[in-house]
Amino acid sequence: MSKKNTRILIVDDEEIIRESLSGWLGKDGYTIGTAPDGLTALKLMEEHPWTILLVDLKMPGIDGLEVLKRVKERWSDTAVLIMTAYATVDTAVNAMKAGAFDYVVKPFDPEEVSLVVEKIVAQQALVRENVILRKALKKEYRFHDLVTKSPALLATLELAKTAARSASTVLVLGESGTGKELLARAIHAESPRNGKPFVAMSCAALTETLLESELFGYEKGAFTGANARREGKFEAASGGTLFLDEIGDISPKLQLDLLRVLEERRVTRVGGTESLAVDVRIIAATNRDLRRAVEEGRFRQDLFYRLNVITITLIPLRDRKEDIPLLVDRLLEQLSSELKRPVERVSPEAMAILLAHTWPGNVRELRNVLERAIVVSEGPVLEARHLGLNLQEGSASGATPEHPASLEEIERQYIGSVLRQSGGNVTQAARILDIDRVTLYAKIRKYGLKRAEDGEFEPATPA
Amino acid sequence: MSEVLLLWFGQKRPAADLLEGVRRSVEREFDRAVRVGLSPERPEDAFDARRGQHSSTRILAWLKDRHEGAHRVLGVTDADLFIPILTFVFGEAQLSGRAAVVSTARLGDTPLIPGEAARIALRLQKEAVHELGHTFGLLHCADARCAMARSPSLRHVDAKSPVLCRACRARTRELSENGDVHEQEEHANPDRR
Ligand SMILES: [Zn+2]
Ligand SMILES: [Zn+2]
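If you read the sequences in order, they're chains A and B. Numbered by the working numbering, the letters in the first sequence go through residues 7 to 469 in order. Numbered by the working numbering, the letters in the second sequence go through residues 2 to 194 in order.
Errors might be hidden in some of the hints.
Unchecked claim - Under 8 Å between C-beta atoms, here's a sample of chain A residues computed to sit facing chain B: (1) ILE22; (2) ILE23; (3) SER26; (4) LEU27; (5) TRP30; (6) GLY32; (7) LYS33; (8) GLY35; (9) GLY39; (10) ASP43; (11) LYS112; (12) ASP115; (13) VAL119; (14) SER120; (15) ARG271.
Claimed, not checked - Some chain A residues near chain B, calculated using beta-carbon distances under 8 Å: (16) GLU21; (17) GLY29; (18) PRO113; (19) PHE114; (20) PRO116; (21) GLU117; (22) GLU344.
It should be emphasised that the hints constitute simulated quantities derived from the structure, not laboratory data. Backbone N, C-alpha and C define an ideal beta-carbon position, used for all residues, glycine too.
Modelling step: build the complete structure from the supplied sequences, incorporating the hints.
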């Protein structure tokens with residue numbers, strides 16, 4: 007889809023905003039339209055739906071949130087980007103809940119607006135090509151060391167692939183154990199920098215001074231114990247990629263230092279006077295909510311914008327349970343050769359337990375559980391008793407049954423979780439579960455799974 | 002006839018060869034005669050006290066009336082420019098229109114630092130060619146070295162050259178053969194002829 011075919015409608019009651027935004031995006035080659043209010047926007051949508059809507063939150067008449075809701079109801083393919091001059095977190099969060107693609111607070115950085123639109127275009131292209139479901143359902147999808155059958159993760163990995171080709175800074179979000187470093191390595195391997203070094207560095211658990219000298223290096227005599235000049239990670243990664251994990255943990259001073267490096271592309275060693283030019287692509291990661299940290303003043307907004315050029319969010323394992331059998335296969339293969347124990351598979355009961363567990367530690371936890379199980383196992387098959395997991399943790403609703411659950415109970419919980427994941431889409435859930443829709447409907451009835459008001463599936467009776 | 006007027010309206014007087022560099026770049030890239038002028042007046046309503054910056058859109062409107070026979074007016078200033086949605090811009094232009102403006106305010110530190118004046122001058126040439134390119138109907142170019150590459154930050158400005166890539170140059174020729182200034186612009190200014 008060419009830029010010209012991407013039709014962007016700008017909805018704002020202020021003429022000057024409509025003009026400046028259409029001028030800015032028009033020069034990128036998109037087809038631009040404008041509407042001074044919500045009603046006009048909806049009327050224009052009726053005539054010929056627009057691919058992207060940029061909507062101001064505060065407008066007389068129908069406000070931005072209402073426009074968003076009505077558009078999402080009828081034209082679910084249209085992406086809505088909310089603009090707000092009032093940085094109220096609540097309304098922006100409401101907008102996200104109501105299906106906005108993202109929100110931006112006016113005035114934004116020049117780099118931000120075009121990039122967020124590019125991001126929308128990239129994601130829409132994916133949806134349109136429909137590669138997501140087809141690929142995921144037919145066979146597993148692989149992006150270097152990451153494998154999946156989950157449509158959501160697949161979309162994420164496609165985005166990562168696109169990001170790899172650009173030179174932009176990438177921010178990887180996700181709970182611990184979701185594979186943020188694996189993703190960073192994959193992006194590096196897929197990028198034009200793949201012949202150059204990949205350097206990983208965790209910013210947590212180091213004192214400010216230690217982290218500073220690790221990152222920027224030091225000159226001989228810079229501090230006690232600095233007996234020789236040492237190069238920092240920025241220099242070590244020269245020409246390649248520097249992965250900064252747990253970026254949400256760095257001190258205000260280091261935030262400022264890092265911002266300078268990103269802006270000036272130069273570093274100065276601790277105790278040094280000359281600055282050295284560095285050519286390094288940064289991939290940062292965190293399991294914290296950086297946006298909130300910015301709002302609460304704990305993380306610099308300017309640094310956040312620099313890092314947040316492309317954001318990739320890795321979903322937790324509990325939201326892609328269809329990947330568990332796949333991951334188990336792969337991990338067993340890997341671990342049994344590492345541990346020199348020929349384990350071939352897990353028993354059906356053990357698999358049921360693995361599927362029902364909520365995996366707070368994500369793939370890393372799965373790996374640890376399997377490793378422990380292989381060590382204590384005797385034969386080629388891992389049994390439920392080897393896993394050291396009980397089903398109490400596995401209860402999806404958070405209730406803790408007193409007794410071990412039956413297979414039926416596990417099936418009930420698992421179907422419930424797949425339905426939640428697919429947003430209540432029975433066709434999609436049936437495909438993930440690999441059963442036909444009639445069977446799925448029968449099971450929904452049998453287990454009393456009902457649609458809750460917010461579109462999620464919940465057991466009708468307490469678990 | 003198809004002359005470009007290069008108009009300085011900054012607070013301070015421009016460094017000696019600043020405008021000369023812009024003039025040479027523009028002349029070379031667009032093959033037009035360029036006349037350099039210093040404006041005695043300033044755009045009055047362009048300053049936004051709340052933001053402490055100048056509205057580039059209002060400056061464009063002001064420049065449009067100062068063409069004195071020139072087919073394009075390129076304003077050059079040291080005022081910090083903004084458009085309402087963005088924190089700042091290096092410049093702005095009317096797409097297929099008559100006026101463009103570029104600013105030195107965000108192009109580097111104070112020219113007093115040795116070597117900085119030359120850096121700012123080179124960056125200004127790139128942005129001047131870029132914005133004028135828009136007035137000739139050029140859109141952003143995917144070639145990061147082309148003057149028409151989008152440059153939201155200094156890093157991007159530095160990555161490009163003050164020269165149009167072959168595709169953009171060919172496109173300029175094509176566009177100028179199909180009439181100089183966009184139709185709509187003509188209608189928007191009925192009192193011009
Ligand atoms: Zn431009
Ligand atoms: Zn070009």
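Do the hints match the structure? See the list:
no.	hint	in the structure
1	ILE22	5 Å, holds
2	ILE23	5 Å, holds
3	SER26	4 Å, holds
4	LEU27	5 Å, holds
5	TRP30	7 Å, holds
6	GLY32	6 Å, holds
7	LYS33	6 Å, holds
8	GLY35	5 Å, holds
9	GLY39	15 Å, violated
10	ASP43	18 Å, violated
11	LYS112	6 Å, holds
12	ASP115	6 Å, holds
13	VAL119	7 Å, holds
14	SER120	6 Å, holds
15	ARG271	7 Å, holds
16	GLU21	10 Å, violated
17	GLY29	7 Å, holds
18	PRO113	5 Å, holds
19	PHE114	6 Å, holds
20	PRO116	4 Å, holds
21	GLU117	4 Å, holds
22	GLU344	43 Å, violated
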